[in-house]
Each structure stands twice: as C-alpha cells, then as structure tokens.
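Peer 1: Residue strings, one per chain:
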Amino acid sequence: MSSRTTISRITAIGGLSTAVLLAATACGAGGPAATSGSAGTSTVNVLVEAGGHAELTGVAEQCKKETGISANFVELPYDGMFNRLSSEFSSGNVSFDVAALDSVWLPSFKDAVQPIDELFTDEAKKDIFPALVKEANVDGHFIGLPAWTNAEIILYRKDLFEDAKNKADFKTKYGYDLAAPTTWKQYQDISEFFTKDGMYGTDVKGGVETEWLAHVLQAGSPMVLDGDKVVIDNAAHKEALDFYVGLAKSAPSGAAQVDWAAAQNLFNQGKTAMTRFWAHAYRQIPKDSPVAGKVGAAPMIAGSAGVGAVPGPWYLTVPKATKNTDAAKKFVKCAYDYNDKGIESSLGLASRISAFEKYQDKPGYESFKPLIETLNGTATATRPGTEKWQQIVDTVLVPMLQKAVAGGDSATLLADAKKQIEDLLK
Amino acid sequence: MRVAERTKPDHGNAVATAAQPVLQTTARGSSRRRRGVNREGLEAGRRSTRTLLWILLAAAMVLYGFPFLYLLFTSFKTPIDTIAVPPTILPREWTLENYANALGRNGVLASFINSIQTAIISTVLSLVLAVPAAYGITRYQTLSGRIFIMAALVTRMVPPVAIGIPLASMMAAVGLSDTPIALSIAHTTISLPLSIWLMSSFFEAVPKDLEEAATVDGCSRLGALWRVVIPVVSGGIAVTAIFAFLASWNEFLFALLMTAIRSQTTPVVIANFQTQFGLDWGSMTALAAVYSIPVILLTLLLQRKIVAGMTLGAVKG
Numbered sequence: 242m243s244s245r246t247t248i249s250r251i252t253a254i255g256g257l258s259t260a261v262l263l264a265a266t267a268c269g270a271g272g273p274a275a276t277s278g279s280a281g282t283s284t285v286n287v288l289v290e291a292g293g294h295a296e297l298t299g300v301a302e303q304c305k306k307e308t309g310i311s312a313n314f315v316e317l318p319y320d321g322m323f324n325r326l327s328s329e330f331s332s333g334n335v336s337f338d339v340a341a342l343d344s345v346w347l348p349s350f351k352d353a354v355q356p357i358d359e360l361f362t363d364e365a366k367k368d369i370f371p372a373l374v375k376e377a378n379v380d381g382h383f384i385g386l387p388a389w390t391n392a393e394i395i396l397y398r399k400d401l402f403e404d405a406k407n408k409a410d411f412k413t414k415y416g417y418d419l420a421a422p423t424t425w426k427q428y429q430d431i432s433e434f435f436t437k438d439g440m441y442g443t444d445v446k447g448g449v450e451t452e453w454l455a456h457v458l459q460a461g462s463p464m465v466l467d468g469d470k471v472v473i474d475n476a477a478h479k480e481a482l483d484f485y486v487g488l489a490k491s492a493p494s495g496a497a498q499v500d501w502a503a504a505q506n507l508f509n510q511g512k513t514a515m516t517r518f519w520a521h522a523y524r525q526i527p528k529d530s531p532v533a534g535k536v537g538a539a540p541m542i543a544g545s546a547g548v549g550a551v552p553g554p555w556y557l558t559v560p561k562a563t564k565n566t567d568a569a570k571k572f573v574k575c576a577y578d579y580n581d582k583g584i585e586s587s588l589g590l591a592s593r594i595s596a597f598e599k600y601q602d603k604p605g606y607e608s609f610k611p612l613i614e615t616l617n618g619t620a621t622a623t624r625p626g627t628e629k630w631q632q633i634v635d636t637v638l639v640p641m642l643q644k645a646v647a648g649g650d651s652a653t654l655l656a657d658a659k660k661q662i663e664d665l666l667k
Numbered sequence: 039m040r041v042a043e044r045t046k047p048d049h050g051n052a053v054a055t056a057a058q059p060v061l062q063t064t065a066r067g068s069s070r071r072r073r074g075v076n077r078e079g080l081e082a083g084r085r086s087t088r089t090l091l092w093i094l095l096a097a098a099m100v101l102y103g104f105p106f107l108y109l110l111f112t113s114f115k116t117p118i119d120t121i122a123v124p125p126t127i128l129p130r131e132w133t134l135e136n137y138a139n140a141l142g143r144n145g146v147l148a149s150f151i152n153s154i155q156t157a158i159i160s161t162v163l164s165l166v167l168a169v170p171a172a173y174g175i176t177r178y179q180t181l182s183g184r185i186f187i188m189a190a191l192v193t194r195m196v197p198p199v200a201i202g203i204p205l206a207s208m209m210a211a212v213g214l215s216d217t218p219i220a221l222s223i224a225h226t227t228i229s230l231p232l233s234i235w236l237m238s239s240f241f242e243a244v245p246k247d248l249e250e251a252a253t254v255d256g257c258s259r260l261g262a263l264w265r266v267v268i269p270v271v272s273g274g275i276a277v278t279a280i281f282a283f284l285a286s287w288n289e290f291l292f293a294l295l296m297t298a299i300r301s302q303t304t305p306v307v308i309a310n311f312q313t314q315f316g317l318d319w320g321s322m323t324a325l326a327a328v329y330s331i332p333v334i335l336l337t338l339l340l341q342r343k344i345v346a347g348m349t350l351g352a353v354k355g
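Residue numbers (our numbering), protein chains in the order written: chain A, 242 to 667; chain B, 39 to 355.
Any given hint could turn out to be false.
Listed below are several chain A residues computed to face chain B (Cβ distance under 7 Å; list not exhaustive) [stated by the list, open to error]:
id: 1; residue: E290
id: 2; residue: E316
id: 3; residue: Y319
id: 4; residue: S332
id: 5; residue: N334
id: 6; residue: P527
id: 7; residue: D581
Label-pair ranges, simulated between beta-carbon atoms [what the hints assert, rightly or not]:
id: 8; chain 1: B; residue 1: P197; chain 2: A; residue 2: E628; range: 18 to 28 Å
id: 9; chain 1: B; residue 1: L134; chain 2: A; residue 2: Q525; range: 49 to 59 Å
id: 10; chain 1: B; residue 1: L339; chain 2: A; residue 2: G439; range: 43 to 53 Å
id: 11; chain 1: B; residue 1: G174; chain 2: A; residue 2: A502; range: 46 to 56 Å
Read the hints as simulated data drawn from the structure, not as lab findings. Ideal Cβ placement from N, Cα and C applies to all residues, glycine included.
Using the sequences and the hints, build the whole thing.
Peer 2: And the structure:
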C-alpha cells in the first residue's frame, strides 16, 4: 500500500515536473531567446574560446555604447571548439554571428566565412603585425580580423640575475656579464649555470612544437613546408632540433611530457630560472607565487635570420550562414576600433601595434616591448596555411619531438617525419 | 543437553567417591577450556577475517574516494598551491576564494538550472519509454522482443562522437537548437538502452504468479502492471532513474555540440576553466565540488530504494 502511495506520488510529481519543464523548455535558463542569426537584429552571438571571452568583454561594452549592438557570448572549451565549428558550418545552420577562430583553423574554415576586405584599410594594415596581415589573407581575401595575438618571449628570474654572488660567479666561469640572454649561446650558458641545488636553468617542452619551430625560423628556413614541398629534413630543422634537445641537460627530467601547463607551473614554482613562454604568462603569475614581482621579460632571441617566433593570434570571422551580417561586421569593426580594451582584461592582449604601444611603458606591462619586438621580428612567421596543420602537429611533430628529447637520432626522426607528412598531404 | 548428559557424574561408583568430583571437575574444566579455546580461536579467526575485510573495504573506499577528496581539497587551495610541484594533498592555506570565483562567474547559476532541467526531462523520458518496453520484452518473450533488446544494446556500442554531430544537425533542422529538450532527447539516446536492460532484469525477477493472482482478482493486464508489478519493482525504477539522471547530469560531449547561450549545462562551464592560456584548477574543482552535491543528495534520498532495487535483481531464480 505504501509502495503504491509512493509510486503515485512520484508519478504525480514527475508528471507535473515534466509538464512545467517542457513548458519552460522553449527558453533555457541561459538568457533571453536571442535567436541566432536573426536578420536585422542588433544583437550578435559571438562564439569564443573560454580564455578569449574576457578579451572581448570590454570591446562588447564599448560597442554597445557606440553602435547599439550588443553581444551574447557563447563560451566553449578549446578542445571542443573545432568540433562544434565543424558541426555548425557543415550543417549550414549556425548559432553564432561572429566566431573567434584560432589561426590554425583559418584554412579549414576558409569557405565557411565571409570576406571582410573592407575592414583591412591601408591604415589598419600598418597597425597590425605583418605576419598577421599575411595570415588573415586566404586565397586573395581577408577573412579574419586579428582580435588578439601572442608570441613566445623570454621570461627570466630578475632576482637571480641581479644577485651579486651569481653575477660574480657567472663572470668568473663564462667570462662575460650575467644578463638577459640575447644569443642562444648565452641562453645555453645561463641555463647550465643555474642548474644546481635542485633548480634548473630552463625547461624543454617535448609536448609542444612551436619553440623548436621558432629555432627553425631563426635559422632562415620556412617551417616544415615550403609551398607544397616538405622540408622538415633540411639542415635548419636538424640544427634546430639538436640545439633544442641539447638544452635538456639543463632542464627538469621527463622533457617528453612537459607541455605549456607543466612549464608554466615549474617557472611559477621557482624551479626554473628562465623559460620561453607566451607573453601573457608574465601578467598571470599568481600573487602568492615565490617568483611574483621577481620576473623580467626579454624578446625572443635572434638566430642568423633575426628574431623569429610563431605568433598565436585569434581572428574574428563572420560566417556565411549568418543572417545578421551587418551587425556582425559592425561588431568586428568595434573589435578593431576598441582593440586596446582587451589589454585591460585578465588575459591582457591585443592585436594592434598601437594598442600594445599605448601600454608598453606602464608598470605591469613590461612584457609588451619584448612582445612587440618579437612579433615584428624579421623571421617571425605564422604556421603553414594547410588545413592538415593541426593533424601534422598532433600525429607527427609532437611525437617526433618526444622521441628526440628521449634520445632518438634527430636525422632518422626527421626523415621519418618527412615521409609521414608527405603521406598526410597526399 | 547431550553434552551435559555425557559429563554427568556416575554416582554408583563407590571407589571413586573422593577422587571423582575432583577428576570430574578437572575433566569438565579441561573440556570447557578446550571448548573455550576453540571458541576463542574461532572468535579470533572471525575477528581477524573481519579486520581484513574492513581493511580491504577501507582500501577500496580510499581508492574510489581519493580522487573526489583530492578534488575537494584542491578547491580550498590557493592558486600557487593548486599547481605545487610535487603536489600536496591538503591545502597549506585554506581559502574560499575559488568558490567565490567559480560561483561568481557569469552563467553558472543558469547552467545549473539547465543541467537540472535536462537531467529531469531525460530521466522521465527514459523511464516512460524503458518501463513499458522492458515489461513487454520480458513478459511476452517474443523473437522481435529479443531482437529489439539486442538492437538497443548495439546503440551503446556506437561512440557518442559519431552520432553527436548528426544529432546536433537534426536538432538544428527541426528548430530545437540550443534548447534543453534537444539535449534531453540526445541524452535519452544514451540512457535508454541501459534503462531497458536494467528494467528487464527487474521485471524478470517478479514471479508471473503475482500478476496471475491479480488477474484472477479482476485486474486487467495493465491494471496488474500498474497495481502489482510496478510497486514491486519500484526499487528497480529508482535505480534506473538514478543511472539515467547521472548519465545526463555528467554528459559533456552532446552538451558541448548542442548548447550555446540558452541551454549550456554545467559540465561545459566547468570545462571552460581550462583555456588555451591556462588552467584555473581552483575554480574548476570548486565548481565540480558544488556540482556533485545534488547527485550525492539524490543518492542519499533514494538510498533505501536503490538497495531494494539491487537486491530485487539478486533474488531471481
């Protein structure tokens, strides 16, 4: 009897709940029923990676004031964003009017987004870093406006470098003054010098490819591909790989597994004296870190071809499938006009040279001058414009680097990598 | 009683008059001691077995519970503590900052409501479809029923990512994009096969005689199901409901592909703490800890039904 009563109650409550929920279903709890892609509305839905949301918040507020266009942000984790974009672009029915795309995705989605040539005026092209202007142009049209960009610079422990004993000991051992490195030989020496007493001079990241590729650029070679030709086995790639692996003796063990997060943790914990890292990390050192307030920043080191790095920009694009093109383009223009608003966010990045320059002399933004110098570097170049690039990185470059830092023969590994990449590109 | 008779003194033997009581006492004492030793040995054996079982149980609990405890402790750590090398289990300094950050983030409350909505709709849909399906399959024992239940299992063998994108496109095509109902339907595709299988095993455990008795008393087939069988398997329904609820509550992939502004659920919001520019461990673990509370409460609330449901399946045959 009691079971029956319980069942009846559960059924009644369940039925009632379902009815209420189904009634409420027309609009979820996430906000107003902002119909995605509705023609002529003054609200745009902006798809953005979770870390980039803060970058555009200030822009959105300013855009609302100036143009009356408001933005709803759809935040997604980086790992799932490519799948989501593929799904919506292939269905031809998109839930967003503006999408922030990682630069490596531009070639994959070039046919799904609209040209925005009118936003790339001569003035704009002068105020955006040259490598980004080049990358934004796909098949003769500009398809994405860089909203923010990043590059690897050198972060070092100022307190250790300024320590009198360290300075004296270093000069005695190497014959020159201890200072932020400007050559790779200096970087090697300093790394070796600080590798003692449970500390390491630097890190070697076997889990990421951009640092090794930066060395390749500094040596004057294109990365991996020269047009359609795979050049990963040339002398520049081998020299860069040998140098990269050689630093492992001054780095924590297990380099094969070290990625961005691990390297950042090691530096913020005070375990490494120097790191080559994305510039945003300078402003993201936790206040309770033992290295807080003790870090200096320097540009990426030059090779024979000059300063070279692989930038990490994100581009704002307007899908062809949106029905709200005008408002979407206005929002993208706002993102250019009020680009410096991103600098005041937690991530603290922008894409316009003038925006970085506006802040470069302010306290707390010491990383900006090295970042500008690195992004303007003669050898700085974006990733090859192939839609297979991410696949090449995940299945060939990173596994090859991991084998190399674990002691593999560089020439053999590069030859194998060449064959694998050629197979992928067939 | 028999033991007492065997040890009863022989009063007819005059020679042993003086010594007998002493001998008898000694024999009784020795026998008692032997029995006592045996009993103590048994008790000691039982105690050590019980201790061993408790140790094994504690080890299993630690093994299963440690990740959650670590998550809980991490949620109270300061930013630098969360990334300590080597990691520490307990926070060096306790802080609620992560909870303030996580709960203060835009859209968290809305995502909770969306998760609850989606999980309840999906659970109700699963039960409404699974209970009659499982009942029909177990009671009528037809070939088509057997094929159907196997086919239901096959759907579980397809990786969700393979059907995620087509499902998202279908929902968009019928205008259900970014709604809790679309996500609930998608989640039902995950929980329904499991629900049918679970409910089938529970229905099989109910003797047919019960229904026949109800029919003899004037119940229709449906009446017997509603008045007799369903109350008997209510524990099983609770178990199935919990599994269906959990499947939806924790689901990430479909939520990632099918939700945007209006219906984004909390697992996606939790994942958003990992960005291309860093990982906010503290806030991520704080939100994950809060998100696990409703499930823990639900499990405690339905604990008796769950135990009843689990034993219902066990007594069959």
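Peer 1: Confirm or reject each hint.
Peer 2: Against the structure, the hints come out as follows:
no.: 1; hint: E290; result: holds, 6 Å
no.: 2; hint: E316; result: holds, 5 Å
no.: 3; hint: Y319; result: holds, 5 Å
no.: 4; hint: S332; result: holds, 4 Å
no.: 5; hint: N334; result: holds, 4 Å
no.: 6; hint: P527; result: holds, 4 Å
no.: 7; hint: D581; result: violated, 19 Å
no.: 8; hint: B:P197 with A:E628: 18 to 28 Å; result: holds, 23 Å
no.: 9; hint: B:L134 with A:Q525: 49 to 59 Å; result: violated, 22 Å
no.: 10; hint: B:L339 with A:G439: 43 to 53 Å; result: holds, 51 Å
no.: 11; hint: B:G174 with A:A502: 46 to 56 Å; result: holds, 52 Å
Going down the numbered hints, you'll see the structure goes against 7, 9, while the others check out.
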